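Starting from the given sequences, assemble the full structure and let the hints guide the process.
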Amino acid sequence: MQTKHRNFILFSLLIAILVITGCNADASAGLFRQISESTTPVGIQYKQLLGLDATKTVLYYSTTKGIYKSPNDPLKASVKDKIIQSTYYDTASNDIAYLTNEDSVSINIFDVGSPNSVTVITPTDGAFNPSETVSIVNLYPNGLVMLHGTSAADATKTLYALGQYGSGTVIPKITFPEMDGYSLVSVIQESGFEQSLLSSTSPVIISFVDNATKKIYRHIFYDGTTTRQELPSTFSDKRLAGFSIDTSSNVYIITTLGELYGGTATGAFVEMYDAAKTYDVHGFMYMTEGTTNTHIITKSSSKNDALFVYSFPKGSTLANVTSTNSIRSGYGEYLFSAEIVSTLYLGNNSGIDTLLIATNENGLFKIGIKVDAANQDSSNNGRSSQSEEYQDFTLYNTI
Amino acid sequence: MKRFLLLGLLMCIIATMAFAVPYYDKGNQMFSFTLGTTFPTFTYFFEDKDFRVGFGENNTGAKVGGYGAISYQVFNSPTSAIGGEIGYDFNFSASNILFTAVPFYAKYSFFPVQGQWDLPISFGLGGAYIKYNDASLMTLFGNVQVGLTWYPGDNWGFGLTTGLWLIPEFNYDDALKQDNALAGFIPLTLSITYRQ
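Those sequence lines, one after another, are chains A and B. So in our numbering, the last spot in the first sequence is 399, and the numbers never skip. So in our numbering, the last spot in the second sequence is 595, and the numbers never skip.
Please keep in mind that the hints were generated in silico from the structure rather than gathered at the bench. These numbers come from a predicted model, not from an experiment. Fair warning: there could be bad hints in the mix.
[Said to hold, decoys possible] To be clear about the criterion: a stretch of chain B counts as covered by chain A if any three or more of its residues have a C-beta under 8 Å from a C-beta of chain A, and this derived list gives those stretches:
1) 456-467
2) 526-534
3) 566-574
[As the list claims (entries may be wrong)] Derived coverage of chain B by chain A (criterion: at least 3 residues anywhere in the stretch with Cβ under 8 Å from a Cβ of chain A; other residues may be distant):
4) 493-503
5) 579-590
[To be verified] For each label pair, taking beta carbons as the anchor points, the in silico distance ranges come out as:
6) Val42(A) x Leu434(B): 32 to 40 Å
7) Asn495(B) x Thr201(A): 37 to 45 Å
8) Leu559(B) x Glu389(A): 38 to 46 Å
9) Asn211(A) x Ala505(B): 56 to 64 Å
10) Gln386(A) x Gly467(B): 34 to 42 Å
11) Asn495(B) x Thr55(A): 37 to 45 Å
For each residue, glycine too, the CB sits at the ideal point set by N, CA and C.
Okay, structure coming up:
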């Protein structure tokens, strides 16, 4: 009887240990894998890649310390109480516009050749009540400026308006009168093309959330050339992390909860895949279109997580056709523990997309993605420079 | 030469055991407070057979950390004691993110040398709660340790202990199975022990 009792206790203990061990379900990667792939911060905390100059040899970028041009020449430093928050490099006029945390109604501008000479402009829009203050919500890497104020048509309503900075002025683009009672959540550009001016191939998605519940979202697709399009109610309870648009104008959207949707801006969307990933708004989401398949390369919000690729037949927006893979080799070799903050598409040569990848703590990388092999976790998928060893901004043509 | 020295040490321990009068009796107890450091030694990933050795980036990824613990043991014979230990370990990764482990385990110690100097050889088996970034899990924990404790009086002793900890990670999520691993740490700790 005593032996039976002892066996029962031992068996119960064994079951209890088995039940409580190994529950690592919420992790983006294995615990010891995350530690072993961790890398030492390089001391540069990038914020934005602004673009290359006309010769394609000089890169403009911003860090937590200010605005720089490559290789490491400071143009404008962030100083106490005037921290540079957002920046835009205007390639046409060769000047840089920026906002600091102190700037609520004006934008600072300097020519890259004379950074000490700063001019200040105060943008507005005819749709605003001229007797009320118009505040700047944000300046985006593609030169868009979001303004907020009181509507000229109805003084009881607030209004958001989007303008485009260029050559020292902000030209009004669109207003959002229907968003009275809503707050701006985000203005998302495609990864790699954050700096590209609005066009049919470089649209933006502007998201708002209602002030009352903070749960109802409205998302506006806008390419600057056609009428803006509100995305369907499929997304009314979702925050968008990123999107891509393919050569057939199909739009692919990833939510912050890892759901991949495909559709067209004017039509319905289908949930193509639901990955157990979480993404930040503006998370890295870069699309490559291969010969037969499309690959969307993403980086989750976890600091220690490999790049994650969604792959599906080119042009498809159907459910159950998407496969996924984690990428630790090739172009993803050094990005496991990196927090990607900004990317710049340099071009394609010999079937290889070349991008600059700026990270929060791990420096700048130049990667080459072989578009037809982007979902392979092997050295055949592309290549990557080591941190800060990008050498130049020419395109990779071999892996 | 090294083998000869080890053999000599073993002979000394056996000789001491053979002729020594046991200091402890069944029922004696020990309370210990431990503080020290841990050295991340290796991580072995089962699936890709990747064996990483050493501290920091491109190795285990973890830096030298710290450990504190309390333990209790009671002698079940004049030369062996059973009990348990609970502790807290921390190590920063190369990215300066904190890894923590809370091991709690049953402990069996053998005392071949005892008296003013104790030489406990211990084996531990239990669990550990480990956490890093967005990953956390309850897992198994095993260790083998050897120590040397000096008792200037009857009750209070000061010790130095080292050994090897083994912490496995088994993920049941298919996406994480490729990250199943075994991690090893070498602790080096100082302890204060009260015996009665």
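Status of each hint after checking the structure:
1. 456-467: holds (count 5)
2. 526-534: Since 7 is at least three, the answer is holds.
3. 566-574: holds (count 6)
4. 493-503: holds (count 5)
5. 579-590: holds (count 3)
6. Val42(A) x Leu434(B): 32 to 40 Å: At 34 Å between Cβs, range holds.
7. Asn495(B) x Thr201(A): 37 to 45 Å: With a Cβ separation near 40 Å, Asn495(B) and Thr201(A) satisfy 37 to 45 Å, so the hint holds.
8. Leu559(B) x Glu389(A): 38 to 46 Å: Given range 38 to 46 Å: holds, Cβ gap about 45 Å.
9. Asn211(A) x Ala505(B): 56 to 64 Å: holds (57 Å)
10. Gln386(A) x Gly467(B): 34 to 42 Å: At 38 Å between Cβs, range holds.
11. Asn495(B) x Thr55(A): 37 to 45 Å: holds (38 Å)
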